[in-house]
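J.: Just need the whole structure built from these sequences, with the hints factored in.
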Amino acid sequence: MSVFELFMIAVGLAMDAFAVSVCKGLSLGNIRVKHMAIAGIWFGGFQALMPAIGYFLGSLFADKIIAFDHWVAFILLSIIGISMIKESFNKDDEIDSCMDVKCMLLLAIATSIDALAVGVSLAFMKISIVWSILVIGVVTFALSAVGIKIGSVFGAKYKSKAECAGGVVLILIGTKILLEHLGVLG
12 MSVFELFMIA VGLAMDAFAV SVCKGLSLGN IRVKHMAIAG IWFGGFQALM PAIGYFLGSL
72 FADKIIAFDH WVAFILLSII GISMIKESFN KDDEIDSCMD VKCMLLLAIA TSIDALAVGV
132 SLAFMKISIV WSILVIGVVT FALSAVGIKI GSVFGAKYKS KAECAGGVVL ILIGTKILLE
192 HLGVLG
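Per our numbering: the sequence shown = residues 12 to 197.
Among the hints, erroneous ones may be present.
[Said to hold, decoys possible] Below, simulated SDA-like cross-link-like pairs (lysine to any residue); rule was C-alpha separation at most 20 Å, straight line:
hint : residue 1 : residue 2
1    : Lys45     : Asp111
2    : Lys160    : Met110
3    : Lys137    : Glu191
4    : Lys160    : Val149
5    : Lys75     : His192
6    : Lys45     : Glu98
7    : Lys113    : Ile124
8    : Lys172    : Ala78
9    : Lys172    : Ile161
10   : Lys97     : Ala176
11   : Lys160    : Ile49
12   : Lys172    : Lys137
13   : Lys137    : Leu60
14   : Lys187    : Met136
15   : Lys113    : Gly56
16   : Lys113    : Leu60
17   : Lys75     : Leu60
18   : Lys113    : Ile49
19   : Lys97     : Ala121
20   : Lys172    : Val22
21   : Lys137    : His192
22   : Lys160    : Asp111
23   : Lys172    : Phe79
24   : Lys97     : Leu183
25   : Lys137    : Leu189
26   : Lys187    : Phe79
27   : Lys137    : Met12
28   : Lys113    : Ala48
29   : Lys137    : Phe67
Hints are computed from structural coordinates only; laboratory data are not their basis.
T.: Here you go:
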């Protein structure tokens, strides 16, 4: 997997956290750097933790399903992508301005469940998990912090578009992995 592909996976995974951060920024009104850092640390930390967990779980079974690992990666990324696209059309999401530990923990877990499945996919690709979780965590940290600021400036206007774009990116990457393993792409 190329650095660009890893970066695009990281961006795709970060879209849920970015969308929630935009809403948080909208609800907070008067934001400070502290708010941006809190969102970045919670979301970036969990987006890095979950693929690591998924990777180690997937590694336990990688040798048993190596013949169809590309299908597993394709199916998992597609399911996550489709879910994100469907969620982007849901207008009922309301995020309050709470940034305490309980609230942020629940949001961080909710926005990083898909990263757990991606971690399983990464185990089948035989790539460096340390590098992968570092990129995923840093990208999510940055996008979450920026999302807080964007939310305070622009509001929820771009939340659904960001989530939809993230879903499309994950589906395209899953399709590329599948086509490469089937020999369609060089």
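J.: Hint by hint, say whether it matches the structure.
T.: Now the hints, each set against the structure:
Restraint check for Lys45 and Asp111: the C-alpha separation of about 12 Å stays at or below 20 Å, so the hint holds. Restraint check for Lys160 and Met110: the C-alpha separation of about 15 Å stays at or below 20 Å, so the hint holds. Between Lys137 and Glu191 the alpha-carbon distance is near 15 Å, which keeps this suggested pair within the 20 Å criterion. Pair hint Lys160 plus Val149 holds up; C-alpha atoms about 17 Å apart against a cutoff of 20 Å.
For the suggested pair Lys75 and His192, the alpha carbons sit about 17 Å apart, so the restraint of at most 20 Å is met. Between Lys45 and Glu98, the direct Cα distance comes to roughly 28 Å. Violation of the 20 Å bound is thereby established for this hinted pair. Of the supplied pair hints, the one linking Lys113 and Ile124 holds, its CA atoms being roughly 17 Å apart against a limit of 20 Å. For the hint pairing Lys172 with Ala78, the CA-to-CA distance comes to about 36 Å; that exceeds 20 Å, so the pair is violated.
For the suggested pair Lys172 and Ile161, the alpha carbons sit about 14 Å apart, so the restraint of at most 20 Å is met. Note on Lys97 and Ala176: the hinted pairing holds, with a Cα-Cα distance of about 11 Å set against a maximum of 20 Å. At roughly 12 Å between alpha-carbon atoms, Lys160 and Ile49 fall within 20 Å of each other, so this suggested pair holds. Distance restraint check for Lys172 and Lys137: the Cα-Cα separation of roughly 32 Å exceeds the 20 Å cut-off, and the hinted pair is therefore not satisfied.
Under the criterion of a C-alpha separation no larger than 20 Å, the hint pairing Lys137 with Leu60 is consistent with the structure, at around 18 Å. Between Lys187 and Met136 the CA atoms are separated by roughly 13 Å; this keeps the pair inside 20 Å, and the hint holds. Only pairs whose Cα atoms come within 20 Å are accepted, and Lys113 paired with Gly56 is accepted, the gap being roughly 15 Å. A distance of roughly 18 Å separates the Cα atoms of Lys113 and Leu60; the hinted pair therefore holds under the 20 Å criterion.
A C-alpha spacing of about 24 Å is found between Lys75 and Leu60, which places the hinted pair above 20 Å, so the restraint is violated. Among the hinted pairs, Lys113 with Ile49 is consistent with the structure: their alpha-carbon atoms are about 13 Å apart, no more than 20 Å. A threshold of 20 Å between alpha carbons decides the hint, and for Lys97 with Ala121 the separation of about 16 Å falls inside it, so the pair holds. Of the pairs offered as hints, the one joining Lys172 and Val22 holds, with about 14 Å between alpha carbons and a cut-off of 20 Å not exceeded.
With a C-alpha separation of about 13 Å, the suggested pair Lys137 and His192 falls inside the 20 Å cut-off, and the hint holds. Pair hint Lys160 plus Asp111 holds up; C-alpha atoms about 18 Å apart against a cutoff of 20 Å. At roughly 33 Å between alpha-carbon atoms, Lys172 and Phe79 are farther apart than 20 Å, so this suggested pair is violated. Proposed proximity of Lys97 and Leu183 is supported: the alpha carbons are some 16 Å apart, at most 20 Å.
Distance check on the hinted pair: Lys137 and Leu189 sit about 15 Å apart at the alpha-carbon level, within 20 Å; holds. Taken as a hint, the Lys187 and Phe79 pair is honoured in the structure, with Cα atoms around 15 Å apart against an allowance of 20 Å. Restraint check for Lys137 and Met12: the C-alpha separation of about 9 Å stays at or below 20 Å, so the hint holds. At roughly 16 Å between alpha-carbon atoms, Lys113 and Ala48 fall within 20 Å of each other, so this suggested pair holds.
The suggested pairing of Lys137 with Phe67 holds, with an alpha-carbon distance near 12 Å, which does not exceed 20 Å.
In the structure shown, a violation is registered for the earlier hints numbered 6, 8, 12, 17 and 23, in ascending order.
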